[in-house]
Amino acid sequence: MKLKKMGIALLAAGLMASSVPAMADLVFPALSYRTGPFGANGAENADGYLDYFALLNERDGGIGGIKIQTPECETEYKPEKGVECYESTKGSGALLYQPLSTGITYQLIPKVTADKIPMLTPGYGRTSSANGKVFEYVFNFPANYWDGASVGVKYILDQEKGDLKGKKITLLYHNSAYGKEPIRTLEELSKKHGYTLKTIPVDSPGQEQKSQWLEIRRDKPDYVLMWGWGVMNQVAIGEAAKMGFPMDHFIGIWWAGSENDVKPAGEGANGYKALTFHGVGKDFPIFKDIETHLVAKGKATNGGKNIGTALYNRGLYFAMLAAEAAATAQKIHNTKDLTGAQMRDGLEALKLDKARLEALGLPNFAPEVTISCENHGGSGLVAVQQWDAKAGAWKLVSDFMPSDREIIDPLIKADSEAFAAENKITPRECK
Amino acid sequence: MSPELLNVLEVMLNGLLAGVMYSLVALGFVLIYKASGIFNYAQGVMALFAALTLVGFQTGQIPFAHVINTMFGTHVETWGPGVPTFLAIILTIGVMVLFAYLVERVVLKHMVNQAPIILFMTTIGLAYFMEGFGDLMWGADIKTMDVGLPSGASTWFETTTASWAAEGSNYPGMYVDMLDVSAAGIAILLVVVLTLFSQYTKTGRALRAVADDHQAALTVGISLRTIWVIVWSIAGCVALVAGIMWGAKSGVQFSLSLIALKALPVLILGGFTSIPGAIVGGLIIGVGEKLFEYSIGGMLGGATENWFAYGLALFFLMFRPQGLFGERIIERV
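Going down the list, the protein sequences come from chains A and B. Mapping of the first sequence onto our numbering: residues 1 to 431, in sequence order. Mapping of the second sequence onto our numbering: residues 432 to 764, in sequence order.
Chain A on its own, in the form it takes in the complex (with noise of 0.2 Å):
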């Protein structure tokens, strides 16, 4: 019997040390789903965030010299599942969150600032905690829905020739709170502009857009913009492109860009642009370090089937951000092992410039990205992106365009005011 419980004892004790990292490791859980209805682009996505910091890791020994732990936690893309997976990964020293998705993010918000523990949502999330001042935890650098529907009306501007007055513009939108977005800031911009806004939305999953598209095809726009997810961009590509619409006049946001929306469409979607907030293809020298240190030695994450997708790319430069953000803290505190409130004001002080990108091998990969304690937004720099259909590839067609801040600035501060008048917080003071 007293064998039996000394087993069961040192099964556990087992279990636990290979579980739990080592106190003194940088922890940065990764929240995937590899399962379910998003499962194959929430995997993409995961694979370049593990395979980053295992580069981190096999090249450089860690980040300061300190081990980089991943504990992997299955989320499903449903929020209840983030939530569990947010607190079973808590206490293992957690330095930042990246939950990959809009709902698990509003789930966390309370949590992070709480627990102190910063949450990064690139390009996804609640657009208004690019307020530094109200949302202390929470960055959405470097690029938010409202800088994708600003950058996508200027670059339709730049296609005008600089004059849309008359233009018909079409919004496709998942019927969700993020699919609804960018709705008020395209709104704002057609007052501006002088085009004509019809939003026309899909519930979700999406799988059935006949009348959407036919609607489409009775009002001839002029442009499609795309708010989808998951089936939804697949279809509507696959619609657009069997009503011949030009697939150079409709645009997606960057969660409607990746290999999986147009693949399905073949040739047809050839043509389809989608906006981008960093870099696509493995033309960038740090691949050659990702073939050496994991693909050479089996350590790439799924085999590294899916390097040098589009997804993978952005999975890989969440963890970019992360680690320079870590490396920034360890400096700005003088210490290796990091907490999460410093980690935030590594966050705070994150500058990455042309310099900085090329040194770690991704010259030209995303535009400069300097955050501060009030701007938690970052530049909002995005471009553009062309699907070749031939060629099986995304390149980009324009460079990383600014947002109309004229318009975004108002509506962050009135929404992110409105959140702190309702959760009664005081916004901080930034120095």
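There could be a bad hint or two in this list.
[What the hints assert, rightly or not] Simulated restraints, written as ranges between beta carbons of each label pair: (1) 196(A) to 599(B): 20 to 26 Å; (2) 267(A) to 498(B): 20 to 26 Å; (3) 738(B) to 418(A): 28 to 34 Å; (4) 654(B) to 291(A): 56 to 62 Å.
[Claimed, not checked] Here are some, though not all, of the chain A residues that point toward chain B, as calculated from beta-carbon distances under 7 Å: (5) 35; (6) 39; (7) 175; (8) 200; (9) 201; (10) 205; (11) 210; (12) 231; (13) 235; (14) 242; (15) 260; (16) 264; (17) 303.
The hints are simulated quantities; they were obtained by calculation from the structure and are not laboratory data. On a predicted model such as this, the values are computed, not experimentally measured, just so you know. Each residue gets a CB set at the ideal place from its N, CA and C atoms; glycine is no exception.
Keeping the supplied structure of chain A fixed, place chain B upon it in accordance with the hints.
For chain B alone, kept in the frame of chain A given last:
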């Protein structure tokens, strides 16, 4: 004709074709419910699993490659270029028959004489198991479904209908997707084959006998368990057809299992026990939701199709609880 009238006709036509796609899913539910009284929650996942298996055979994917690679540190993905589509379909049908056999052997055999709610819960478990099993077997990445069916707008139809419009109206012609037309043709063929099978074959007659009265069928020597294997096999084949059609629209991915949600209002409306009911129900739901979205949807902010389909089904339920073509529920005390 005025372009407005032609627009209405176009919406109705596309509604009918969308309805056929819903019917393809509903048919599988009806077949199993009719023969065994089980509402098979796993029907949507069966469509997904069948589609994943078909693409797996077509592309030469090694089943459980991810598991093999993790366990043995290998990097295997495919065993070759894959097999031709026709052979892949045959092999997939084989897998679905094997699946039906296993369901009967491992699950249903132990559930005989259980309450309908227990059987329903069993199929929920089966659905989640199959989804996870499908993920392990074929991976979660999105796959392209191509079985050579025509797809895209019919230019002939566009040109013809454009000539119906008044001169100078600049009407572009009606849009119809050839994939939807193919689906309609296949659905008609499927119903004819199923009807002939149930009317003119010994097994078909046995199926009908079981559907009418389990006890009486047993007394004349019909094996209930064999019938269950047959009916789940047929439902698996119907699921394969639905998986091919829906997979061709959106790619084969795990949200494919959610197409079951589109079949529920069709079943409520058409009845759980009628094959013609599944078809007519699908057509009514398809046309109804598309016309409602076209005429009133805009005033309500759009995206009315999902809730309208259920609203319409509920309306019918009030007057005919058994559905339009379902068997009347008579319980004598």
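Hint-by-hint comparison with the structure:
1. Range check, residue 196(A) to residue 599(B): Cβ separation about 24 Å, and the 20 to 26 Å hint holds.
2. Distance hint check for residue 267(A) and residue 498(B): the Cβ-Cβ separation is about 34 Å, which falls outside the suggested range of 20 to 26 Å.
3. Take residue 738(B) and residue 418(A): their Cβ atoms lie about 30 Å apart, and the range 28 to 34 Å holds.
4. With their beta carbons about 59 Å apart, residue 654(B) and residue 291(A) fall inside the hinted range of 56 to 62 Å.
5. Annotation: interface hint on residue 35(A) holds; nearest CB of chain B at approximately 6 Å, less than 7 Å.
6. Annotation: interface hint on residue 39(A) holds; nearest CB of chain B at approximately 4 Å, less than 7 Å.
7. Hint status for residue 175(A) relative to chain B: holds, with the closest Cβ pair at about 5 Å, below 7 Å.
8. Using the Cβ-Cβ criterion of 7 Å, the hint placing residue 200(A) at the interface with chain B is satisfied: the shortest such distance is roughly 6 Å.
9. Hint on residue 201(A) holds. Least Cβ distance to chain B is approximately 4 Å, under the 7 Å limit.
10. Interface restraint check for residue 205(A): the shortest CB-CB distance to chain B comes to about 5 Å, inside 7 Å, so the restraint holds.
11. This hint holds: residue 210(A) has a C-beta 5 Å from the nearest C-beta of chain B, less than the 7 Å allowed.
12. Interface restraint check: residue 231(A) against chain B, minimum CB-CB distance 4 Å, threshold 7 Å, status holds.
13. For residue 235(A), the shortest C-beta to C-beta distance to chain B is roughly 5 Å, which falls under 7 Å, so the interface hint holds.
14. The beta carbon of residue 242(A) comes within 5 Å of a beta carbon in chain B, closer than 7 Å, and the hint placing it at the interface holds.
15. The interface hint given for residue 260(A) is met, as the beta carbon of that residue sits about 5 Å from the closest beta carbon of chain B, less than 7 Å.
16. This hint holds: residue 264(A) has a C-beta 3 Å from the nearest C-beta of chain B, less than the 7 Å allowed.
17. Because the smallest distance between the Cβ of residue 303(A) and any Cβ of chain B comes to about 5 Å, under 7 Å, the interface hint for this residue holds.
Violated hints amount to a single one, hint 2; each of the other numbered hints is respected by the structure.
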